[in-house]
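Taking this note's numbering, the leading residue of the sequence shown gets 1, the next gets one more, and so forth.
What the hints contain is simulated information worked out from the structure, not anything from laboratory work.
There may be inaccurate statements among the hints.
[Claimed, not checked] List of simulated lysine-lysine pairs, DSSO-like, C-alpha gap at most 30 Å:
no.: 1; residue 1: Lys-13; residue 2: Lys-88
no.: 2; residue 1: Lys-69; residue 2: Lys-13
no.: 3; residue 1: Lys-37; residue 2: Lys-65
no.: 4; residue 1: Lys-13; residue 2: Lys-37
no.: 5; residue 1: Lys-88; residue 2: Lys-69
no.: 6; residue 1: Lys-3; residue 2: Lys-13
no.: 7; residue 1: Lys-88; residue 2: Lys-3
no.: 8; residue 1: Lys-88; residue 2: Lys-65
no.: 9; residue 1: Lys-37; residue 2: Lys-70
no.: 10; residue 1: Lys-88; residue 2: Lys-38
no.: 11; residue 1: Lys-38; residue 2: Lys-69
no.: 12; residue 1: Lys-65; residue 2: Lys-38
no.: 13; residue 1: Lys-3; residue 2: Lys-65
no.: 14; residue 1: Lys-38; residue 2: Lys-3
no.: 15; residue 1: Lys-70; residue 2: Lys-38
no.: 16; residue 1: Lys-13; residue 2: Lys-70
no.: 17; residue 1: Lys-65; residue 2: Lys-13
no.: 18; residue 1: Lys-13; residue 2: Lys-38
no.: 19; residue 1: Lys-88; residue 2: Lys-37
no.: 20; residue 1: Lys-88; residue 2: Lys-70
no.: 21; residue 1: Lys-69; residue 2: Lys-37
None of the values given here were measured: they were computed from a predicted structure.
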Amino acid sequence: MEKTINLRGEDLKLRSSLFTIISYRSVFGTELFSDIKKLENLNKDETDAALVIDILFRIIYILHKPYTKKSYDEFLTDLDFSVLSDVKELENISNTITLMLGGNEGTQDPK
1 MEKTINLRGE DLKLRSSLFT IISYRSVFGT ELFSDIKKLE NLNKDETDAA
51 LVIDILFRII YILHKPYTKK SYDEFLTDLD FSVLSDVKEL ENISNTITLM
101 LGGNEGTQDP K
């Protein structure tokens with residue numbers, strides 16, 4: 001599946017496939033769906049924001065990786081820090097990930 005999301009004025013092309021799982025493990029040393037489970041199991045009242053942000057942007061990077069030669073660090077360096085304070089942008093990221101990885105919880109089809 002392919003989608004394009006816009007983060008702070010920059011279009012990011014994303015692609016998911018079975019290779020996404022292998023690429024995630026190769027780059028980050030953890031299992032993609034294990035990290036997603038961590039997000040699902042967080043106590044909503046005591047959400048660890050750093051963990052949520054880390055996992056969300058790892059997934060976005062892996063989905064964008066077919067279109068870039070940048071390392072994960074370079075990818076993060078190029079993102080505007082203000083994206084972290086924009087709830088709408090973070091919801092869009094979350095919904096896009098859900099849609100692209102086969103979940104049914106996404107409420108909107110990102111543009």
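- Contradicted hints - numbers only: Of the numbered hints, all hold.
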